[in-house]
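Residue-level listing of the chains:
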Amino acid sequence: MTSTSAADTAAPTGDRWRAVRPLLAAAFWLAVWQLAALALHQEILLVSPVRVLARLAELVPTADFWATVGRTTGRITTGFVAAAVVGVMLAAASAGSRAVEALVKPLVTTIRSTPVVSFIILVLIWASSDKLAAIISFLMALPIVHANVLAGIRQRDPKLLEVATVFAVPWRRRLLAIDVPAVLPYFVAGCRTGVGLAWKSGIAAEVIGLPSGSIGEQLYQAKILLSSADLFAWTVVIVLVASLFERVVVSGLSLLERRVSAGMSGGVDAGVAP
Amino acid sequence: MIGLRAVTKRYGDRVVLDAFDLALDDGAVTALLGANGSGKTTVGRLLLGLVAPDVGAVEGVAGLRRAAQFQENRLCEQLSAVGNVRLVLGRAVPVAEVVAALRAVGLDDESVAKPVHALSGGQRRRVALVRALLPEAELVVLDEPFTGVDTAAKALSLAWAAQRLVGRTALLITHDEAEAAALGARVVRLAGRDAAGRPAAECDGGSSDLDPPV
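In order, the protein sequences belong to chains A and B.
Okay, so the first sequence: first residue is 24 according to my numbering, each after it adds one.
Okay, so the second sequence: first residue is 3 according to my numbering, each after it adds one.
Hint data in this document are derived by calculation from the structure and do not stem from the laboratory.
Just so it is clear, CB atoms sit at the ideal spot from N, CA and C, and this is done for glycine as well.
Just so you know, not all the hints are guaranteed correct.
What the hints assert, rightly or not - Straight-line C-alpha distance at most 25 Å; calculated SDA-like pairs for lysine to any residue:
1. 154(A) with 194(A)
2. 116(B) with 277(A)
3. 246(A) with 139(A)
4. 182(A) with 92(B)
5. 116(B) with 185(A)
To be verified - Covered stretches of chain A, going by a simulated chain B footprint (3 or more residues, C-beta under 8 Å):
6. 55–64
7. 199–207
What the hints assert, rightly or not - Over the 12 Å line for every Cβ pair with chain A, so calculated as not near, a few chain B residues:
8. 21
9. 108
10. 110
11. 150
12. 158
13. 169
Based on the sequences and whatever the hints tell you, model everything.
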């Protein structure tokens with residue numbers, strides 16, 4: 024064995040340590056939690072992680088659980104996707120017309136600065152609790168996507184836009200070759216923030232609006248039954264599902280971003296590349 | 003007749019052009035020579051319709067198909083050389099023709115297909131040249147077209163450009179009289195500033211070798 028091979032084996036060990044470290048930290052805090060619960064011995068005040076895990080094990084195999092997760096995910100996804108689409112359209116319209124921008128700006132600013140609970144109660148008066156979570160997720164994600172995309176449109180290279188003007192490049196080709204590559208990173212950043220907001224506000228809306236068979240309703244049940252185990256178990260579910268959802272959205276968008284920045288996006292490829 | 007009539011252009015307090023006249027020869031290359039800051043690029047931008055004159059008029063450009071090689075390359079970084087040229091050409095011109103043009107200015111098969119951000123400065127300059135000269139434009143503006151292009155590649159590019167410019171109305175902005183001569187251009191000189199700090203009037207001559215330097 025030479026010193027080189029010793030170094031070779033040392034490097035993966037270091038990598039493994041780096042991967043294990045956060046798990047160890049998590050295990051430490053779980054242990055602190057477990058000990059605290061044991062010491063307190065009051066399940067209503069502080070349920071133990073073992074008890075939460077046991078409750079999760081009861082919940083997960085039931086069809087009801089998956090139906091509940093599915094309904095809530097569906098509502099929040101609907102709200103978020105609508106926010107992404109409308110946000111892009113409003114940003115494009117705002118960038119294209121000063122009148123539209125003047126009209127849209129106060130609307131978006133108002134939505135952004137209004138407390139989410141005010142919207143939840145207002146929307147409950149206007150719409151059924153079934154649509155509540157989707158509408159609230161939409162309202163919370165919309166200003167973020169709109170602001171980011173508008174910033175992206177404003178940051179396009181004016182020199183490239185002049186090229187398009189001089190050569191009279193048709194708008195569709197210009198969109199794919201100049202506009203989309205410039206705006207996409209801003210859109211991805213907006214979606215990343217927006218998706219997290221959509222989940223947090225959507226669940227809050229469900230807890231207040233109580234659409235039947237939703238995660239929010241389960242949280243509310245846990246509250247009236249003073250069941251800390253249920254509250255913690257459903258919270259774990261929300262965190263896992265929301266982060267999975269965020270990961271899917273972000274990785275899907277970054278794949279698109281990579282393809283566009285490599286000049287391989289379907290449209291651009293077909294339009295201009297060999 | 004394409005040209006500028008009695009054009010004055012200011013940027014803030016700075017007078018770039020003062021009652022400036024220029025007439026481009028129809029179907030021929032007109033070269034605009036002058037020192038840095040004498041307003042050459044502004045003349046090009048006026049003709050391309052990218053800036054408007056403060057006083058005077060830009061004539062004969064309405065509805066023209068235009069093409070330009072800007073002072074900077076202004077390429078879409080994520081696209082290949084071929085992609086950048088086809089962006090302004092559309093699908094009417096076959097890929098083979100675009101590749102042939104890029105090869106004529108000295109780009110090899112590999113560089114033609116790579117995203118342009120992977121190309122050298124001189125290669126990128128030539129992609130911008132091909133993008134400006136391949137479309138069938140009625141007015142072409144070339145702003146320092148060979149900056150950063152090495153001697154061998156410049157010879158190829160000049161030959162190709164001269165061939166593409168036959169019979170076309172074009173403005174060549176340059177420091178280099180040899181370049182103007184190689185492209186068969188009539189030379190117009192834009193003077194620098196006079197004692198008062200204003201741009202001096204241009205000296206419009208017949209050909210480059212008869213023109214005294216200003």
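In rising order, the numbers of the hints this structure does not comply with:
When the structure is compared with the hints, numbers 1 and 6 turn out to be violated.
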